[in-house]
Structure formats: structure tokens, C-alpha cells
Amino acid sequence: MLSVQKGNMAAFETLYDRYNKRLFHFILRFVREGFQAEDILQEAFLRVLRARNNYRKGYQFSTYLFTIGRNLCLDSLKSWERRHLLKNQDDYMERVPDQSKDIRKVMEEAAMKEILKNAIHALSLDQREVLLLSKYSGLSHGEIAQIVKSTPAAVKQKVYRAMISLKQKLKNLDK
Amino acid sequence: MSCQSIKTNIPSLLSEELSPDEYDKTLGHMKTCALCRQEMEDLKETWNQMDQWEIEDPPSPLKAKVMAFAREELEDVHIPWWLSRVKTSVFQTVLGALGFSMIIYLFLPYDKIIKLCEALILKETFLAFFPKGTIYFILGLFYGVVPILVSGICFLKPTKKNQLIKGLGAGAVFAAFLVPFFILQCPGFEAGLIFTMALGIITGSLSGGTGTFWELNRMRMEAS
Chain E
206 MLSVQKGNMA AFETLYDRYN KRLFHFILRF VREGFQAEDI LQEAFLRVLR ARNNYRKGYQ
266 FSTYLFTIGR NLCLDSLKSW ERRHLLKNQD DYMERVPDQS KDIRKVMEEA AMKEILKNAI
326 HALSLDQREV LLLSKYSGLS HGEIAQIVKS TPAAVKQKVY RAMISLKQKL KNLDK
Chain F
-1 MSCQSIKTNI PSLLSEELSP DEYDKTLGHM KTCALCRQEM EDLKETWNQM DQWEIEDPPS
59 PLKAKVMAFA REELEDVHIP WWLSRVKTSV FQTVLGALGF SMIIYLFLPY DKIIKLCEAL
119 ILKETFLAFF PKGTIYFILG LFYGVVPILV SGICFLKPTK KNQLIKGLGA GAVFAAFLVP
179 FFILQCPGFE AGLIFTMALG IITGSLSGGT GTFWELNRMR MEAS
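Heads up: the protein sequence lines correspond to chains E and F, in order. Per my numbering: the first sequence = residues 206 to 380. Per my numbering: the second sequence = residues -1 to 222.
Calculated directly from the structure, the hints in this document are not laboratory data. Because the structure is a prediction, the values reported are computed rather than measured. Some hints could be false.
Claimed, not checked - Calculated lysine-lysine pairs in the DSS-like style (CA-CA distance at most 30 angstroms, straight line):
#, chain 1, residue 1, chain 2, residue 2
1, F, Lys61, E, Lys318
2, F, Lys63, E, Lys376
3, F, Lys29, E, Lys354
4, F, Lys63, E, Lys283
5, E, Lys318, F, Lys5
6, E, Lys318, F, Lys42
7, F, Lys42, E, Lys322
8, E, Lys211, E, Lys283
9, E, Lys211, F, Lys63
10, E, Lys374, F, Lys42
11, F, Lys63, E, Lys372
To be verified - Some, not all, of what chain E presents toward chain F, calculated at C-beta under 8 angstroms:
#, residue
12, Ser208
13, Tyr224
14, Asn225
15, Asp307
16, Val311
17, Glu314
18, Met317
Ideal placement from N, C-alpha and C gives every residue a C-beta, glycine not left out.
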């Protein structure tokens, strides 16, 4: 990032290659509008670029980037709530099913995935974000605490409660 | 360790974040407590279930878009942050000086202007070099430069509260510079003085505060 401040294009590309998938996976799971995730990912990296002179040695870039991404997701969700778009994101988000698998197994997996998605989206916003950051982004509780402006102990507690809620919701939805 | 604190450690255990000591204590407790062990098994199953939610990677054209923008952004002439801030502050100062000089022109006769300048340690001999209009501008610049330029350059933590405080501080400094007007007791100027003070506080606050806030907001990421 310090090289990017000096105008090093290759350094920025390296950062993009290193973090874009992790960030995208978090964003896509967090927001309701699937195609919005691309815009958020793009905007997150552009903001990193525009604010590059604010970056100080000693910051952890992953925390810096995920903070931007998380805040953009929250803005997007607030906007979604206002607009109440019901765009179906399933076509965009899901992998193409493995054609070699038994169709019944594919359908069972798809059903389970749907249940899981609905259960995670039924969690409160703060539980959802810490759970997604913890499970899918490879960030430690300390790093997550910096992103959500909390303490590592509080994040641990929240992740635990989120998992308890998720477990319960999965049981209820499965029925 | 209590059951509650052990249970809270389960997510850290699953994401392999526990220190060796905490790991030993947690597993040690699990061996003796069936309830905690069951809780761990349940949450482990939930944790593993979450692996089923696979997501596509971002599309390749997106990288090309981001890189195109980055190339444009990085290939621009690199302006140091302090220079861009000075640029904004100088712009505000010049605008402010023009505004203040017009106000002073409306309310203060020329002979009082000279007395005012002398009160501000600007000698008449020095002023003789300048046309009348320029003297008004110099006064306006003087009344504008301190609050606006200082607040514009000052680099404080970019929160809304600090910007407001900075702006109000700028306005207060501006108001303090109006003291010579009181000393001179310009006839027929009282109403203009009150008006100028109020305007000074408002414009100093708004200009210093919002100008800097606008500049920093352009660069900042809203995190709080």
C-alpha cells in the first residue's frame, strides 16, 4: 500500500489479486442484491485508491479493506430496505451444479443451501456480519473487532450467539 | 473455567484461534462436561454446514474495470496531500478576502481604513504604494487569512464534531480581529459592526469548517 501511495500500479494490482475474492465472497453473502456485490467490490477498491494518502504504515491492509467493504454493504442494505427490491439473486450467486452428480443429490444440496442462506439472512445485522467475517473471510476476532469497532471478547460472544441462533433457525427451517 | 466461558470459546476453537493454553483448558473441560461437549458438537456441525454455501469468484471483467480506473488515478500528477489542502485553503481565503473587503468598503470610510490599518501595524507609508481598492482587499485578506487558512490547513481527525469546533474556532478568531473596529468607534458603524461580526462568525465557521470537511470527506472513508 505504501508503494501504491508512490503511484505503483503493479502494487495495487497485487493487492487486488490478493484480496478481491475474499472480500467479494463476504460482500456477496452479506447483501441481498447479488449484482450489487460487484459494484460494492469495485467501489471498495476505488475508495482504497482515492484515500491512499491517508493510509499509514502499521495499518493492516485486510482490516482497512474489509472495513470499507463492510460499510459499503451496510449502506447498500439501508438503501435496499428503502427500495424493497426483490431481485432474485440466486441465478448470480450459485455455482453451476456439478452435472456428474445424481440429480437427487443436487436437489438436496440446493435445498440445503437455500435453507442455510435464509437462516443466515434471518440473523440480526450485527450477528450476520461478524459470523460471515469470522467464517468466510479468514479474519481473526481481533481483526473483526477493529472492523466493527468492538472488542475481541465482544466479537467472540457475538459469533457464539450468532451460531446458536443459526443452529436454531436451521432446525426450524429444516422442519 | 466456567461452562459459559468455555462455550464462548467454541467459535475460536472452530476457527483455530485459541492460544495453546486456552485450547488445552477448553478441551480439558469438554472431556469432563457432557453439556459443553454436546454444544460443541452441535456448533461444529453448524460450522461445517456453512461450508456448503459456495460462492462464485468475482468476474474477470471487473478487474479490468478497476485497473483502468487505477491507471487513470495513479498516472495523474501526484499532488501531495498538504498541497491539495493548501490549495483549497488559499482558494477559500481569497474568496473570503474579496467578500470581507466588500463589506469593509460598504461600512468604513477611507480615513478610518487608514487608522484601522495602522492599528493592525500596517503603516500609511506602506499603504501609499497601493491603490485604494487594493487596501480594502489587503484588509479583507488579513481578516480572512487567519481563520480560514489556519482551519483549512489544520489536519485534525476527520469527524463532524471536530470540523464544527474548528469552524467555530475560526469564527471566534475572526471576531477577535474585529476588536479594532470597537477601538476606532467608527461613527455610524455600529449596525455595520454588529452585522460584520455576525457575518464573520458565520462565514468563518462555515467556511473553515465546511471547507475542510469537504476536503477531508473527499478523501476519507466513513468509518464512524
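Structure-based check of all given hints:
Restraint check for F/Lys61 and E/Lys318: the C-alpha separation of about 28 angstroms stays at or below 30 angstroms, so the hint holds. Of the pairs offered as hints, the one joining F/Lys63 and E/Lys376 is violated, with about 43 angstroms between alpha carbons and a cut-off of 30 angstroms exceeded. As the CA atoms of F/Lys29 and E/Lys354 are separated by approximately 35 angstroms, the hinted pair breaks the 30 angstroms bound. A threshold of 30 angstroms between alpha carbons decides the hint, and for F/Lys63 with E/Lys283 the separation of about 26 angstroms falls inside it, so the pair holds.
A C-alpha spacing of about 26 angstroms is found between E/Lys318 and F/Lys5, which places the hinted pair at or below 30 angstroms, so the restraint holds. The suggested pairing of E/Lys318 with F/Lys42 holds, with an alpha-carbon distance near 17 angstroms, which does not exceed 30 angstroms. For the proposed pair F/Lys42 and E/Lys322, the alpha carbon gap of about 18 angstroms is at most 30 angstroms, so the pair holds. For the proposed pair E/Lys211 and E/Lys283, the alpha carbon gap of about 36 angstroms is over 30 angstroms, so the pair is violated.
At roughly 21 angstroms between alpha-carbon atoms, E/Lys211 and F/Lys63 fall within 30 angstroms of each other, so this suggested pair holds. Annotation: proposed proximity of E/Lys374 to F/Lys42 holds, straight-line Cα distance about 15 angstroms (limit 30 angstroms). Of the supplied pair hints, the one linking F/Lys63 and E/Lys372 is violated, its CA atoms being roughly 40 angstroms apart against a limit of 30 angstroms. The beta carbon of E/Ser208 comes no nearer than 11 angstroms to any beta carbon in chain F, farther than 8 angstroms, and the hint placing it at the interface is violated.
Taken as an interface hint, E/Tyr224 does not check out: its beta carbon lies about 11 angstroms from the nearest beta carbon of chain F, beyond 8 angstroms. About 6 angstroms separates the beta-carbon of E/Asn225 from the nearest beta-carbon of chain F, less than 8 angstroms, and the hint is met. Because the smallest distance between the Cβ of E/Asp307 and any Cβ of chain F comes to about 16 angstroms, over 8 angstroms, the interface hint for this residue is violated. Among the interface hints, the one on E/Val311 is violated; its C-beta lies about 12 angstroms from the nearest C-beta in chain F, farther than the 8 angstroms criterion.
Of the supplied interface hints, the one on E/Glu314 holds, with its beta-carbon coming within about 7 angstroms of a beta-carbon of chain F, less than 8 angstroms. Of the supplied interface hints, the one on E/Met317 holds, with its beta-carbon coming within about 6 angstroms of a beta-carbon of chain F, less than 8 angstroms.
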